[in-house]
Amino acid sequence: MNFRKYLFILIPYSWLVALFLVPFIIVVKMSLSDGVMAIPPYTPYLTLTEGWAGITNFFTNLDFENFIFLTEDNLYWIAYLSSLKIAAISTVITLLVGYPIAYGMANASNEWRPTLIMLVILPFWTSFLIRIYSWMGILSQEGFLNQFLLWLGIIDQPLTLLNTNIAVYIGIVYTYLPFMILPIYASLEKLDLSLLEAAKDLGCNRTQSFWLVTVPLSKAGIIAGCFLVFIPVIGEFVIPSLLGGADTLMIGTILWQEFFANRDWPVASAVAVILLLILMVPIILFQRSEQKQREAE
Amino acid sequence: MFMTIFEPWNETNSKPFIEFRGVSKRFGALTAIDNVSFSIYEREFFALLGPSGCGKTTLMRMLGGLEKPSKGQIFIDGQDINTIPANKRSVNMMFQSYALFPHLTVADNIAFGLKRSDMPKSEIPDRVNEMLKLVQLDNLDARKPHQISGGQRQRVALARSLAKAPKLLLLDEPLGALDKKLRQETQFELVDIQEKLGTTFVIVTHDQEEAMTVASRIAIMDQGKLIQIDTPDLIYEAPSSVRVADFIGDVNLIEGNAQKMANGKMQIEWAESQPALIADSSAQIPNDGKITFAIRPEKIAMTKHKPDDADNAVEGHIQDIAYLGNVSIFKVRLTSGQLMNAQASNTRRLSRRNFTWEDKVWLSWTETAGIVLTK
Amino acid sequence: MNKIIVSLIATLMVSTSVAQAGEVRVYNWSDYIDESLIKKFEQETGDKLIYDVFDTNELLETKLLAGGSGYDVVVPSASFLQRQINIGVFQKLDYAKLSNASNLWSIIKDHTNKYDPDNAYSINYMWGTTGIGINVDKVKEVLGDDAPVNSLALIFDPKNMKKLAACGVHLLDAPAEMIPAALKYIGEDPDSKDLEVIAKVEPIFAAIRPYVTKFHSSEYVNALANGDICVAFGYSGDILQSRDRAAEADNGVKVTYNIASEGAVMWFDQMAIPADAPNPEGAHKFLNFMLDANNMATASNYVYYANGNLASQKLLEKEVLEDEGIYPTDATLNNLFTTTAYGSKVQRKVTRMWTKIKSGT
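Chains as they are written, first to last, in my numbering: chain A, 1 to 297; chain B, 1 to 375; chain C, 1 to 361.
So here's chain A without its partners, still in its complex pose:
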């Protein structure tokens, strides 16, 4: 009897269908509708009570108008590109900050490691919103950072940090740092120390063996960390709206605007569908690199 076997496969797949595929189909369907002032605020919607006529009527009224609309206003492209740019820059910064931390953790003594991992995970125990609010307190004109810098005498005028892209980068790097540190740490921790001794034995100094051995061998962790940061940051909405200024343009904010300010659910859905298609590229690349990694092991 293969029944049990099928059941085991069926359960996760039905979750996937229920939690991802069905909502996605609903969003795609909505993106092909037209906005109206009604309940619900779009048309057509499927009315099964009208039978076959209702179904054909439904399908003939769907169109790609909203997608065409998105191409007509360069706002959307600029917002998508700006999201990609912000995601790329923050990924690089997160990597530059996260790698040394992961490296330090991997080189710490065994008794310290659990504590250090704990410290990296600890912020997750506090609400994400509260942590971002704290940053507003830190970065504001009268905030801790400015007070501290003024006290040190490094600056004599408070810096404008909050409501700028700098604050957005700080918020993103802070929030996503654990997603960068943990995979890199995992790959560095696995690193065979005899490889570094071998490198030393073959004439490398510390810097050389770091770049020639440590970095290439933690590549899998670096790639995983970068994707884990890059992918969610593209669609980030909370951080730019709390820490960013009015000129911080991200697609998440545009989506909010379409949905709430314009009440245009269909256009909002079209924005979301395109966002998902854009995200597919790095996700597929990530999957590929993971697969390659598995094959190599």
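No wet-lab data here; the hints were simulated from the structure.
Where hints are given, some of them may not hold.
To be verified - In silico lysine-lysine, DSSO-like type, Cα no more than 27 Å apart, as pairs:
| id | chain 1 | residue 1 | chain 2 | residue 2 |
| --- | --- | --- | --- | --- |
| 1 | B | 180 | B | 144 |
| 2 | A | 219 | B | 144 |
| 3 | B | 375 | B | 265 |
| 4 | C | 138 | C | 159 |
| 5 | A | 190 | B | 144 |
| 6 | B | 115 | A | 219 |
| 7 | B | 331 | A | 292 |
| 8 | C | 40 | C | 318 |
| 9 | B | 331 | B | 299 |
| 10 | C | 162 | C | 109 |
| 11 | C | 40 | A | 29 |
| 12 | C | 356 | A | 85 |
| 13 | C | 63 | A | 29 |
| 14 | B | 68 | A | 190 |
| 15 | B | 299 | B | 196 |
| 16 | B | 68 | B | 167 |
| 17 | C | 345 | A | 29 |
Given the structure is predicted, the values throughout are model-derived calculations rather than measurements.
Go by the hints and put chains B and C onto chain A.
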């Protein structure tokens, strides 16, 4: 043609290539190396042998510059190695796990050290090919380490460590990961390569057979101390202590009281109502006369009846037989109660064997077959 | 926008629960009631009152348009209410059940008639104005003693804004509030739905944009009180709240609220009952409860907003009733104007223009 025997350690005017002077190494409270002094000569294939944890690996890692001595000095070619940084010494190491770089191809692994040296870039590929030929891996240059077999990986590791033509090569359990047959083949190859290159090799191993096969001299280590340095035959035939005798090969140890006889030989009382054993030994008998008599199983003859002309003969019955193919080990319970191993070659087919379980037998050996150990 | 996220998460969590008999579910703006009234209602009626809050009209509207919100009473702003009535979001009120309706203030009733004729679907909860909050000392320090603190010129004249930029200016991130103010400043009809007229404000905002610290609809409450900014264009109640916070903190910051002499937007938050309310009976009970002069006075004394309940005025604290920022003088009151919501097409253009104003894209 006159063959000179390679025995620089016996020549008074030869200069040691490596010299340990009173070297100690402590890790916290643990003393890994305890005041060790010895020399290794150029072109030697020197084995450090001992049970795990005896300090042999630490000793080698100090040579490779991966550890620093807590006390004492190590000289290579007359220079204190503490004054030369690790990456400037003409010493390379082959690691136990091979430590091949998994992200680099076989050729790039071999070229790794060369690229760090002052060798002109254009010469590197030739040198890599030369090394690949040396270890017979010509076709595998483009493979990654995980795409080749364990034996091939071992060869890559050897080629990589030899690529820079070091004056000294350190090998840390180089064959430990190979299966027995491959290990034996590779041992001979290793010796061939060492002789061909004339490089001084220092090998760390816990496998006494391996040490016996490859080494010109063996240093036996135990608990951070060197207990004997000698050629394989002397280590085997003339162990300096019970420890060495027990560690190398199979041995029967009989405790007894020794007395010098008029003819200079030794008479050993070892069990009540048993005739004393006679041994031809120059060992100094300690004051209390307590010694250990060691005899290898293969030096013992086994007969049904008491041999007439034997120097020593004891009686017992066969308690167990271990059939090893080429030889069999007979465990014989002596009438005095001791258990003694005797080895016999299986020159005949199994069914024609003379001895079987519970047979009464006599074990005999000559005066010179055993050794008297006082330590 | 920060509060939006909090309430987004909160509403997602509560909206799935199912209403039960004897429960009245009210969805009101955050910080908009004296919580003792909730207990009082429960004691008087024996019904359980479930009180949830939101932060933007957009959020409420999205829930109402999605249908099945599960609320019995909601409190949209009048301009939003108007179009929501048109698509049948609300049910007509049964005035037979609202014995306290006679307490309503006719002046406010007249104003809200524009959105909801005869108050058939809604009654006023609170109302207020949109005006200028200033840190008095800082503004005078920057612009001198004759600073136009009572004029829209303070924020729409680039000459003033250039100087104010140094101490910080927040504007509402709400085109429906900012555009009418700008239209008023240039002498156009603030309630204009003509895109050509609306487009005239774009250069006005473009000129002051470089000097605006942030467009945000709630942060100015704290920022003004802390002294982080010196000018905010915002809602009357918020700025008055900021004034009190600064006074409580005793940090040397003195905040005042001024209604612009050119005129200011007057807004109304209306209580209404969704068409699909599970407990319309209870909803009417709540409405009648809030129409009680005593209860409404308690609410206004707490939130510092004017209400549409004439009878409650004699029960108000003096500092509320006599504060011209809350209950403006008759002269100012006559100068106030109201706006109505944009249609879908105009709304899209307005949103787009607002994005361009804010981000330059």
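Which numbered hints fail: 7, 10, 11 and 15
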